[in-house]
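Given next are the chains, with one letter for each unit.
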Amino acid sequence: MAKFQISRRKFLTASSLGLSSIALSGCDAFDSGLGIGGGLRSFLENANGLTWRAQRFLAGRDALAPEFTEADIRQPQRPNGVTAPDDDTYKGLLANNFADWRLEVTGLVEKPLSLTREQLQNMPSRTQITRHDCVEGWSCIAKWTGTPLSLVLDQAVVKPQARYVMFHCLDTIEQSLSGNIKYYGTIDLIDARHPQTILAYGLNGKPLPVENGAPLRVRVERQLGYKMPKYIYKIELVDSFANVGGGRGGYWEDNGYDWYGGI
Amino acid sequence: MDTVANNRSATEADGKDTTLVYRQSRWTRLTHWIWAFSLFFMLLSGLQIFNARPQLYIGKQSGFEFNNTILQIGAENTANGPRGFTEILGHRFDTTGVLGWSGPPGQETPRAFPAWATIPSYYDLGTARVVHFFFAWILTTTLLVWLIAGLVNGHIRRDLAPRVSDLRKLPHDIFDHAKLKFHHTREYNTLQKMAYGGVLFVLLPLMIITGLAMSPSMDSVLPWLNGILGGRQTARTIHFTVMALLVLFFIVHILMILAAGPINELRSIITGWYRTDPPAKHDQPTERSV
Numbered sequence: 001m002a003k004f005q006i007s008r009r010k011f012l013t014a015s016s017l018g019l020s021s022i023a024l025s026g027c028d029a030f031d032s033g034l035g036i037g038g039g040l041r042s043f044l045e046n047a048n049g050l051t052w053r054a055q056r057f058l059a060g061r062d063a064l065a066p067e068f069t070e071a072d073i074r075q076p077q078r079p080n081g082v083t084a085p086d087d088d089t090y091k092g093l094l095a096n097n098f099a100d101w102r103l104e105v106t107g108l109v110e111k112p113l114s115l116t117r118e119q120l121q122n123m124p125s126r127t128q129i130t131r132h133d134c135v136e137g138w139s140c141i142a143k144w145t146g147t148p149l150s151l152v153l154d155q156a157v158v159k160p161q162a163r164y165v166m167f168h169c170l171d172t173i174e175q176s177l178s179g180n181i182k183y184y185g186t187i188d189l190i191d192a193r194h195p196q197t198i199l200a201y202g203l204n205g206k207p208l209p210v211e212n213g214a215p216l217r218v219r220v221e222r223q224l225g226y227k228m229p230k231y232i233y234k235i236e237l238v239d240s241f242a243n244v245g246g247g248r249g250g251y252w253e254d255n256g257y258d259w260y261g262g263i
Numbered sequence: 001m002d003t004v005a006n007n008r009s010a011t012e013a014d015g016k017d018t019t020l021v022y023r024q025s026r027w028t029r030l031t032h033w034i035w036a037f038s039l040f041f042m043l044l045s046g047l048q049i050f051n052a053r054p055q056l057y058i059g060k061q062s063g064f065e066f067n068n069t070i071l072q073i074g075a076e077n078t079a080n081g082p083r084g085f086t087e088i089l090g091h092r093f094d095t096t097g098v099l100g101w102s103g104p105p106g107q108e109t110p111r112a113f114p115a116w117a118t119i120p121s122y123y124d125l126g127t128a129r130v131v132h133f134f135f136a137w138i139l140t141t142t143l144l145v146w147l148i149a150g151l152v153n154g155h156i157r158r159d160l161a162p163r164v165s166d167l168r169k170l171p172h173d174i175f176d177h178a179k180l181k182f183h184h185t186r187e188y189n190t191l192q193k194m195a196y197g198g199v200l201f202v203l204l205p206l207m208i209i210t211g212l213a214m215s216p217s218m219d220s221v222l223p224w225l226n227g228i229l230g231g232r233q234t235a236r237t238i239h240f241t242v243m244a245l246l247v248l249f250f251i252v253h254i255l256m257i258l259a260a261g262p263i264n265e266l267r268s269i270i271t272g273w274y275r276t277d278p279p280a281k282h283d284q285p286t287e288r289s290v
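Protein sequences, first through last, are from chains A and B. Each residue of the first sequence is one higher than the last, beginning at 1 in my numbering. Each residue of the second sequence is one higher than the last, beginning at 1 in my numbering.
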């Protein structure tokens, strides 16, 4: 029995030493396995797919994000990301108050559209006081007014093979050696047709300011802020985003955020 | 092996009677180590996520034009160069080197929690979220497995459920712990039951609930949840506070294991077998084996 005790003690000492050396050298190894496309990361990302399916199952198509009261609007909407696009095209459109701006609806649709601000604003609108949740962790409550995206999609008549709505934006989010990258993002048709998904042109009872995405941004209320592109000029219906940017479905997705931003 | 109540009597080299009892079922041991592993990764990835917004608020939203911040970690320029600070309820502390401003000498950067406390070590919110949510699934699944196994095999009722006698023993138990006098028995003492029960039935469920409350999609499924918790930003603050309590539990847990005899304690959570104290003899002065 005494022998058993000693060998056990030796075993525990050796294994704890071994574990701590693995932990020390493991930090760097762990870091390096976590790059986009890395095997370890791809494995861990399976959990995001599980989260997406579980939350879609629970929330269904039409469960509404909580809406708040006027009393909850206590501050201007916090702007984030690009707040003053430096692009010449954008600055030209801004100079005459977006009179020349059009929203193009293209891709897998029967009737491509080109809508002016007035045409969008003459369509039925929805106003909602909702909480904007940033992936960083902060929240801000504001009142958004816009055209339900589903009405625009109905007008363009989406083809059956379309699966995603891609938003093309006017703002340069990153200047790289291979050229300027303008913000882009995708949502699926379930979120696109959600009753609270609107193309917002109004904020807190006033026209949408430049820092919050004028003339048009999307609100996807069951997801985080990076899923709601600003400065939109084109909506494209696609069956896949594999060949766009890094193939992960959006600018921030190509930089490591998950395509599903519901958590 | 789980179902057979085994007692192994053995005689140590010094001649004292000791008894090995089968104390921890394989469910307890397995889930314990999966939790330990998962909580390690959740803590370090969680601190990285916090670094993206190193402020905690009370209420539905974050105050930018009004003040509802109760904790802030940041860096500021002073006459003595950049300093890190931590501000709790308006009280500011200099935490240079650890919180707010840290890094190798000459290469310090502004970051709330230092590189050695985060996964990844460099700033990467997206990757931290991948790690955090992966282990969130592991932790939650393991908690459910443990709950079912613990109800079926009687572990929760037999070992964790507090009894009237536990309450009676509490003052004496606190006294014994304060003197680092430990009784090695098959049963948990009152403070152990409170600590383990508190972690498993209060802290971890609260962690999961406040985590879900921060998800905008889950808010559409359970719109009342943030109402109960006091708003999404309060939920985030609770999430962070429970993290601190779990870290506190971990520190005390390790100290108690070291004080109570690490070999014996580790053996029981690895193999299940635990060496109990010899039965006290009433006609002799109580003598404790060392």
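In short, the hints are calculated from the structure, not lab data. Careful, some of the hints might be misleading.
[Said to hold, decoys possible] Using C-beta positions, here's what the derived DEER-type ranges look like:
1) Ala244(B) x Ser32(A): 27 to 35 Å
2) Lys206(A) x Trp33(B): 54 to 62 Å
3) Phe64(B) x Gly179(A): 33 to 41 Å
4) Ala54(A) x Leu30(B): 18 to 26 Å
5) Gly179(A) x Glu76(B): 33 to 41 Å
6) Glu65(B) x Thr89(A): 31 to 39 Å
7) Asn180(A) x Glu76(B): 41 to 49 Å
8) Ser114(A) x Phe201(B): 57 to 65 Å
9) Leu64(A) x Thr78(B): 46 to 54 Å
10) Gly227(B) x Arg126(A): 18 to 26 Å
[Claimed, not checked] Covered stretches of chain A, going by a simulated chain B footprint (3 or more residues, C-beta under 8 Å):
11) 30 to 39
12) 183 to 192
[To be verified] Chain A stretches covered by chain B per the calculated footprint, using a threshold of three residues with CB under 8 Å from any CB of chain B:
13) 78 to 91
14) 97 to 107
Quantities reported herein were computed from a predicted structural model and do not represent experimental measurements. Using N, Cα and C, we set each Cβ at its ideal position, and we do this for glycine too.
Taking the hints in turn, this is what the structure says about them:
Between Ala244(B) and Ser32(A), the C-beta spacing of about 30 Å keeps the proposed range 27 to 35 Å intact. In this structure, Lys206(A) and Trp33(B) meet the distance hint of 54 to 62 Å, their C-beta atoms being roughly 57 Å apart. At about 34 Å, the CB distance of Phe64(B) to Gly179(A) agrees with the hint of 33 to 41 Å. Separated by about 24 Å at the C-beta atoms, Ala54(A) and Leu30(B) satisfy the suggested range of 18 to 26 Å.
For Gly179(A) and Glu76(B), the Cβ-Cβ distance of about 38 Å falls inside the hinted range of 33 to 41 Å, so the restraint holds. In this structure, Glu65(B) and Thr89(A) meet the distance hint of 31 to 39 Å, their C-beta atoms being roughly 32 Å apart. Checked against the hint of 41 to 49 Å, the C-beta distance between Asn180(A) and Glu76(B) comes to roughly 34 Å, which is inconsistent with it. For Ser114(A) paired with Phe201(B), a C-beta distance near 60 Å keeps the hint of 57 to 65 Å intact.
As the Cβ distance of Leu64(A) to Thr78(B) is approximately 48 Å, the hint placing it in 46 to 54 Å holds. With their beta carbons about 23 Å apart, Gly227(B) and Arg126(A) fall inside the hinted range of 18 to 26 Å. Evaluation of the coverage hint for the segment 30 to 39 of chain A: fulfilled, as 3 residues show C-beta separations to chain B shorter than 8 Å, against a requirement of three. With 0 residues carrying a beta carbon less than 8 Å from a beta carbon of chain B, the segment 183 to 192 of chain A misses the three-residue requirement, and the given coverage is violated.
Against chain B, the segment 78 to 91 of chain A contributes 1 residues with a C-beta closer than 8 Å to a partner C-beta. That does not satisfy the three-residue criterion, and the hint is violated. Given as covered by chain B, the segment 97 to 107 of chain A fails the check, having 0 residues with a CB less than 8 Å from a CB of that chain where 3 are the minimum.
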